[in-house]
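For the record, the sequence lines run as chains A, B, C and D. Numbering (our numbering) for the first sequence: 789 to 1165. Numbering (our numbering) for the second sequence: 789 to 1165. Numbering (our numbering) for the third sequence: 789 to 1165. Numbering (our numbering) for the fourth sequence: 789 to 1165.
Worth flagging that the hints you see were computed from the coordinates, not collected in a lab. C-beta: ideal position from N, C-alpha, C; glycine also. Watch out, some of these pointers could steer you wrong.
Chain B residues, not near chain C, derived (Cβ > 10 Å throughout) [said to hold, decoys possible]:
{"id": "1", "residue": "R791"}
{"id": "2", "residue": "D966"}
{"id": "3", "residue": "D1121"}
{"id": "4", "residue": "V1124"}
Chain A regions said to be covered by chain B (calculated; three or more residues, Cβ under 8 Å) [unchecked claim]:
{"id": "5", "segment": "833-846"}
{"id": "6", "segment": "1044-1058"}
Chain B stretches covered by chain C per the calculated footprint, using a threshold of three residues with CB under 8 Å from any CB of chain C [as the list claims (entries may be wrong)]:
{"id": "7", "segment": "941-950"}
{"id": "8", "segment": "967-973"}
{"id": "9", "segment": "994-1008"}
{"id": "10", "segment": "1050-1058"}
{"id": "11", "segment": "1076-1089"}
{"id": "12", "segment": "1147-1159"}
Protein chains: 4
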Amino acid sequence: MAREINVGIVGTRFMGRAHSHAFIDVAHFFDLPLVPVRRAACGRDVAQLEAFAQQFGWQTTETSWERLVARDDIELVDICTSNASHMPIAVAAARAGKHILCEKPIAMNAEEARRMLDAAREAGVSHMVAFNYRRVPALVLARELIEQGKLGRIVHFDAVYYQDWLVDPSFPMVWRHDIREAGSGAHGDMHAHLVDLARFLVGEIAAVSGVQEVFIRERPRADGQGMGTVTADDATYFLARFEGGAIGSFLATRLATGRKNYLRLEIFGSEGSLVFNLERLNELEFYSRRDPGPEQGFRTILATDSAHPYVKAWWPAGHIIGWEHTFVHEVRDLLVAIAHREPVHADFYDGLRCQQVLDAVCVSASEGRWVDVPAGD
Amino acid sequence: MAREINVGIVGTRFMGRAHSHAFIDVAHFFDLPLVPVRRAACGRDVAQLEAFAQQFGWQTTETSWERLVARDDIELVDICTSNASHMPIAVAAARAGKHILCEKPIAMNAEEARRMLDAAREAGVSHMVAFNYRRVPALVLARELIEQGKLGRIVHFDAVYYQDWLVDPSFPMVWRHDIREAGSGAHGDMHAHLVDLARFLVGEIAAVSGVQEVFIRERPRADGQGMGTVTADDATYFLARFEGGAIGSFLATRLATGRKNYLRLEIFGSEGSLVFNLERLNELEFYSRRDPGPEQGFRTILATDSAHPYVKAWWPAGHIIGWEHTFVHEVRDLLVAIAHREPVHADFYDGLRCQQVLDAVCVSASEGRWVDVPAGD
Amino acid sequence: MAREINVGIVGTRFMGRAHSHAFIDVAHFFDLPLVPVRRAACGRDVAQLEAFAQQFGWQTTETSWERLVARDDIELVDICTSNASHMPIAVAAARAGKHILCEKPIAMNAEEARRMLDAAREAGVSHMVAFNYRRVPALVLARELIEQGKLGRIVHFDAVYYQDWLVDPSFPMVWRHDIREAGSGAHGDMHAHLVDLARFLVGEIAAVSGVQEVFIRERPRADGQGMGTVTADDATYFLARFEGGAIGSFLATRLATGRKNYLRLEIFGSEGSLVFNLERLNELEFYSRRDPGPEQGFRTILATDSAHPYVKAWWPAGHIIGWEHTFVHEVRDLLVAIAHREPVHADFYDGLRCQQVLDAVCVSASEGRWVDVPAGD
Amino acid sequence: MAREINVGIVGTRFMGRAHSHAFIDVAHFFDLPLVPVRRAACGRDVAQLEAFAQQFGWQTTETSWERLVARDDIELVDICTSNASHMPIAVAAARAGKHILCEKPIAMNAEEARRMLDAAREAGVSHMVAFNYRRVPALVLARELIEQGKLGRIVHFDAVYYQDWLVDPSFPMVWRHDIREAGSGAHGDMHAHLVDLARFLVGEIAAVSGVQEVFIRERPRADGQGMGTVTADDATYFLARFEGGAIGSFLATRLATGRKNYLRLEIFGSEGSLVFNLERLNELEFYSRRDPGPEQGFRTILATDSAHPYVKAWWPAGHIIGWEHTFVHEVRDLLVAIAHREPVHADFYDGLRCQQVLDAVCVSASEGRWVDVPAGD
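Turn these sequences into a full structure, and let the hints steer you where they fit.
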């Protein structure tokens, strides 16, 4: 009989819902050494908190994260709040000896990320940043192909993350528009994913040169009280040099009309290439120069076979999975790591490294020049 | 507070798993008038049954469907067994006053389906056939567009269901290869979906002309005891005339190398057209002759906006759902129908009509001529 | 210095234009043993004939095909007229000792086709039916892959030819709507291509079962004198059994709203599969079960490399060719065959075999049963 | 009867072939006020020159461009040589009163381009830079949609030009690898097209920030004499700010394994978006926020209808054209402009403006900072 682990979640909105689903489904589809118990949910809005807890079966509630973190019965703290509160919650949780799952981007800046990493290491707890796209089966396959040398030497990593939910000027201000709450806009939210995937698939980024823009500078306040000033970027674009020699491009925008959640990677190597698009997340396109000449072409691999990562737990080939499944896989790997006292990626060090790149882009954009990313530990 | 309804499931394999998932997730994502309780699971293999019940949280078990159906605490019987047992279980469940959800195809032939329909109507219970593709958001959108007249008069319905899991001659015999257990092969399993979608989207089929083939006539027995004779069709193709005047084609095969679960619809009308592919089930392609001339083209609608059917319950636009979600939607609609004593489609009448078409194809294939489908009630 | 060959063309409309282009371009891009001279053009409408001859550089004109065929200076007769006149022109040309290129379908029926074949064989002239899609580089590649055994045993050949130019009921009557001029409608025009490609790629068809329909039975006469009655089919669908055991489907319609010239092939074998679409004629999709398991997928081969058939004569890889190039390739092969007194496909025998299948489909459609195709010579 | 114009072409390789084809076909498919005569071809390699002239029907030859330019019978000089000779030939041609068609990029740098523009203006001759992608029907349609306001305010122009012909390290040195002959590598060859299309579709570029890289620094010399040093960039990436406020990205590389001639544009505006890919040049993807909500999607317009630009001259809808047709359209527009003494784009001013952007990118890449593009005239 598997042991149980009590989870406390902080944050009851989009990510709170996605993580709750993962904790619900994971034990039904994966054989776990540690079964999660949805022990406590924490939020500031009592009515919403109660509704959330009931909807997703969280046994108890707290309206203060300090109290949640302090509770003896909580063993894993899952941080799904807005970015500004990641650091204090994570540091407190670490000091209280809790394992930590933290939404991305890890923090408001690299300094905060460093404090989180130090606290987690000092406490000896498991720590994970919720870069859930590392658990898309097609992207795990991409990494395997790269590790097997099927791309040869990688020369380009070109990534876009296109969304369009801000294209309507009447879309109201939310916390994500306020740089004090969000740290940044499209950049922190979307480039965090792209930078993490770049590191996951290709390696460390050495230098960056970027540009940031707010196209719609005023939006109606959600409370109906006139207009608010948007301070978070609608779009950030940057170029990058990788330590391994590759050159890359990173484009993130929330004004890409018609694209909803279009995260596309194009990776070119001396022996082969890969293309991926999150709106078709079950598919990976792969080109190999080692195929016979006249037969070469980008092949669309439907990464739903039992031979593909994570997939055996679900359905037969061709029965596609959805976006939410990536969280189930993530939680599964975290629980295994906690049970076996093993490292798990992406950890807070990955979060820190990602944040250092994001920070360097902001400096670059404000100074109009290339900026080096600090060397890793 | 929502009332509860006790569910008893019969069958613990592929469909048992998919339905279990649906009963688990539905209450977390939809506001229900009737909350399902996973009360009892039934299977013949005790070890597998116990494992299944534990994995998916079924509270009790039975090894005889007769006992399950007879239990006072069961209100809804979910039939996920092989096709040969659908009729006896459903008839017994109806007579015991249970609501019924039954996997497709409804039965071994139209006569059985008729008995099931009669029993359910006589008992006054809710009855549903698990044609889950009626709950793909993109296909519900397809039906809405058709109902709004956006396709005009429909002239063609061309459907394929391509899979390739039987292309390897060493793939062993399973119950699906035995016509006594399965009723038919690709035809019953895959054409049941296509015929149901044809009826859902376009209307009744008047006449059919088909051909059936077993390409690999012997397969290794699963028990290792030599070869078994395949009696169920590897592929069935048929043409159809619809009552409304359209002409259609239906191709189902399990030897379409490279296609895993490729159910494609192409529907052409005098004003517009639709294309759908289950391997990209979040997308619907729509062409409208009413668009300005030089701008006409097939548009790929990513049916993941909150305006699209069922989607609001899940995630923001562009965060795609998977195959399994269709069962959640199906169960949601069934529970609402039971609670409000309303009809729900696809019901046993739909199952019967579908079966009549399937039966007519078999007659046509064996006699080499067109065969009329019986008129509806 | 290459010898010259004098060409006489009959027919000045769509196909006359396409063939003229081919005769113009072929010597600029291919090294030919026999250079075509555009010697004489023939048409009934003098004004149009003169304009055509001037536009495409035909040196002389004739208003009677009998005179053209009789001219001593004409060595190759190119028949681009409506279907009803193919047979008399071809037979006369053969008797006059001319080589013949004839548009498809070869004739009004198999009896006519047989007379043409007999006449050409007796005269010992070169004879070709203009099944130009045999000269799409991607389809020549398809045939090469099949001949190399890369598909294994072929089990399915599923073809559609979708156009939509008749979907508008106000589109006027043309000769293609009149069964006396055209022999048939969508069937002869479009299925001729599909059946020829089936034979080119997979082999002979043994039996067929089809259905034909006129959806729009009256159209405005082109002369403005009221409505005319459409006698040629808007759509014909049929199923087929191949001599080699495969089962296939053939769908041709001119009412497929949104599809302009959408000829799609899907060919499934025990080892691999191919997909082709004429609207993207530079591409061939190929799936191989011999690829490593997790890397299998349909690869899109851009058949524009110098290693691909015919392509070296044109542009570097990725610089796509158009529909018209297929005629250039066809004419090139015909000229080589004439120069070297070698056979060339598709010849009149291929035209006859194709016509026998088309005829069998018409019988099948009118009698509602499967019909065998006559055995080949 | 249309007047004739005598053309002299300089350069007998790739572009010489493509332009020759255009001069051959244009009069057969377009009604011209001025019919081109292939009067003289010029090249340095006599054997190749003679073969070229014979293959494409050039009436006479010259081995010195100075002599060609000086000939009284030449009215239009077509410059298809390597980049370093564009300026001297064009200036001499202008001074000799010849109209000029010049391949792209216009010159080695903006200063040369300015001299060419000045000379052409002073001479009062027609001048055109062969940015042939302005004559892709789908891209002309793109411009029309933008001019009609269907994209609203454009916020992003993201362009890539991916090729892979240099990925093999054994591919030998050609003039394009030598910065003295080519001016630059991928940048000048490929970004010239992207920058011109950006100006054609969106407007002037205000500032740029780029990076350039030679990945394979030594290649075998074509003469077999050891290795040569590559000085021209394999890849150049840059970001841009447009005068109109948009932010853009431009990626050009010859090491994008699997991409042959993959020029992709993604243009996002406040009301709609466009996507284009040169490997499928008959297609334009268009998204409109003005479509009814649940029906919005990227529609694939097959730009082959008679309503689409240039297409009426060719074939019926769905019969796709090839890459070479863009040159036919270009030559057609030039001949019309010369005949009617009207301006024609892209002219040498467009060539200059493009070159100014290319030059600014090179400065930016070498200095690691953003660089402003000079203001236009």
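Against the structure, the hints come out as follows:
no., hint, in the structure
1, R791, "holds, 47 Å"
2, D966, "holds, 21 Å"
3, D1121, "holds, 31 Å"
4, V1124, "holds, 36 Å"
5, 833-846, "holds (count 3)"
6, 1044-1058, "holds (count 4)"
7, 941-950, "holds (count 5)"
8, 967-973, "violated (count 0)"
9, 994-1008, "holds (count 5)"
10, 1050-1058, "holds (count 4)"
11, 1076-1089, "holds (count 4)"
12, 1147-1159, "holds (count 3)"
Of the numbered hints stated above, the single one contradicted by the structure is hint 8.
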